[in-house]
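Work the whole structure out from these sequences, hints included.
Line by line, the protein sequences give chains A and B.
Quick note: the first sequence uses our numbering, first residue 4, plus one each step.
Quick note: the second sequence uses our numbering, first residue 470, plus one each step.
Hints are not guaranteed to be accurate.
Unchecked claim - Per the computed footprint, the stretches of chain B lying under chain A, defined by three or more beta-carbons under 8 Å from a beta-carbon of chain A, are:
id : stretch
1  : 480–494
2  : 538–544
3  : 653–660
Stated by the list, open to error - Output of the computed footprint for chain B on chain A, the stretches with three or more beta carbons under 8 Å from beta carbons of chain B:
id : stretch
4  : 53–60
5  : 83–93
6  : 99–111
Since the hints were derived computationally from the structure, they do not count as laboratory data.
All C-beta atoms in this analysis are idealised placements derived from N, C-alpha and C, irrespective of residue type, glycine included.
Each chain, written out:
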Amino acid sequence: MNAVAVAGLCRRYGRRWALAEVNFEVPEGAIVMVAGRNGSGKSTLLRVLATAIRADLGTVRVLGYDVHRDRESARHKLALLGHRTYLYEPLSALENLAIVARFLGRDSRRNALLELLEEVGLADRADDPVLTFSAGMRQRLALARVLQQEAELVLLDEPYGHLDPPGFLLVDRLLQRLRRQGATVLMATHLLQRGRRLCDRALVLDAGRLRFAGPIAGMPEPEGADGAGFAEGA
Amino acid sequence: MLLAALRKDLLLQWRGRVQMVAIFAFGAAALLLFSFAIGPDSLALRQHAGGFLWLALLLASTLSLAESFEREMEEGALEGLLLLPAGARWLYYGKAIANWAQLAMLGIALVPVMVVLYDAGTLRLLSLLGVILLGTAGLSAPGTLYAGMTAQARGRQTLLPLLFFPLVVPVLLAAVKATSLLILGDPMGQLRAWAMLLIAFDVIYWSLCGLLFGRVVED
Numbered sequence: 004m005n006a007v008a009v010a011g012l013c014r015r016y017g018r019r020w021a022l023a024e025v026n027f028e029v030p031e032g033a034i035v036m037v038a039g040r041n042g043s044g045k046s047t048l049l050r051v052l053a054t055a056i057r058a059d060l061g062t063v064r065v066l067g068y069d070v071h072r073d074r075e076s077a078r079h080k081l082a083l084l085g086h087r088t089y090l091y092e093p094l095s096a097l098e099n100l101a102i103v104a105r106f107l108g109r110d111s112r113r114n115a116l117l118e119l120l121e122e123v124g125l126a127d128r129a130d131d132p133v134l135t136f137s138a139g140m141r142q143r144l145a146l147a148r149v150l151q152q153e154a155e156l157v158l159l160d161e162p163y164g165h166l167d168p169p170g171f172l173l174v175d176r177l178l179q180r181l182r183r184q185g186a187t188v189l190m191a192t193h194l195l196q197r198g199r200r201l202c203d204r205a206l207v208l209d210a211g212r213l214r215f216a217g218p219i220a221g222m223p224e225p226e227g228a229d230g231a232g233f234a235e236g237a
Numbered sequence: 470m471l472l473a474a475l476r477k478d479l480l481l482q483w484r485g486r487v488q489m490v491a492i493f494a495f496g497a498a499a500l501l502l503f504s505f506a507i508g509p510d511s512l513a514l515r516q517h518a519g520g521f522l523w524l525a526l527l528l529a530s531t532l533s534l535a536e537s538f539e540r541e542m543e544e545g546a547l548e549g550l551l552l553l554p555a556g557a558r559w560l561y562y563g564k565a566i567a568n569w570a571q572l573a574m575l576g577i578a579l580v581p582v583m584v585v586l587y588d589a590g591t592l593r594l595l596s597l598l599g600v601i602l603l604g605t606a607g608l609s610a611p612g613t614l615y616a617g618m619t620a621q622a623r624g625r626q627t628l629l630p631l632l633f634f635p636l637v638v639p640v641l642l643a644a645v646k647a648t649s650l651l652i653l654g655d656p657m658g659q660l661r662a663w664a665m666l667l668i669a670f671d672v673i674y675w676s677l678c679g680l681l682f683g684r685v686v687e688d
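Written out as structure tokens, the structure is:
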């Protein structure tokens, strides 16, 4: 069964089409790299799949739910790590995770949440307000928030952004853990070598149009120095 | 869900309590300036005290309502909760109740300022508390909706009062009348009628705004 099925997806901002006639399917349990230059539509695609924004045209099914009609049902099964961290800056790392836990009906006690923070290397800053965190630490906490959701479909928009080398390894471990759990992952990244190593499939977007969808081995090579969206960042 | 939302908003308010002190100072300053407009005529001051109390509360409410969405928008936290999914309606009611509590406390805190500046006291303190609770409920329900609607808009500082003020005119009118009756005396027994009007508007606003919130914060 497909975890994601997209047909004729179009989304525009004003007069500009961010996504045009995008069609693809992702089988359950696949780890998919979403590649493309800046502004190619990667974030828009992930946000449509996450039900954060609506498509203007086309149908999008996520884990069997139509994201237009069954928005709430789909949301129970997916998690998004976006460009914004979804954190409350005046609250501590623990308090941020406790809020999510309460809404999800999960264990919001300190010890349970500390385990999560331990996993992302923030246990020693558990009681510090997010306001005092660096961008990389915020990204780690946002990753903990994603882990906390135990979602079946995980959408990661540039998860390596702002992270240091140990942070890169943390994301690698997170992907491996999600694979073991059987989750489907779509990860937008510019780190192609890393993506090739960790992912099974790829989607390549160019100016809102899908240029490639298939197994990672068949993904086109970067087009020289001009292929700015395909440069390895680290 | 409602408890989780309310707890989250009360925690955020507690962390931003310094801002609350500033908003109280703003309300007190407004009361002081209004008293200058009337001059030293003590009878005129007493007659206008109820109106000015509610005007000061209304002006201060635009600051506190806008502030309540500031934290939600900084890192997209509100969107994050909607995607959990936390349910837009519960998020609305959690925030509206927290805003109501904040506005009611502000109203209660401004009463002594009014008494000192306008020589306008009342012995019917429980009734005054009831009017403040009903009036601030009528401000917080539509105020939370509009603050959510304008939180992402450019020029939101202008947009919020522009949308909010006309909608709360009936609530303001009823609250001012009821407060004035408590201060100046109520020989005709009209207080009950104004209180009922406030209750009616509160019921309408709290029901409708909860239904509409999802539509204004979702794409």
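How the hints compare with the structure:
no.: 1; hint: 480–494; verdict: holds (count 4)
no.: 2; hint: 538–544; verdict: holds (count 3)
no.: 3; hint: 653–660; verdict: violated (count 0)
no.: 4; hint: 53–60; verdict: holds (count 5)
no.: 5; hint: 83–93; verdict: holds (count 9)
no.: 6; hint: 99–111; verdict: holds (count 5)
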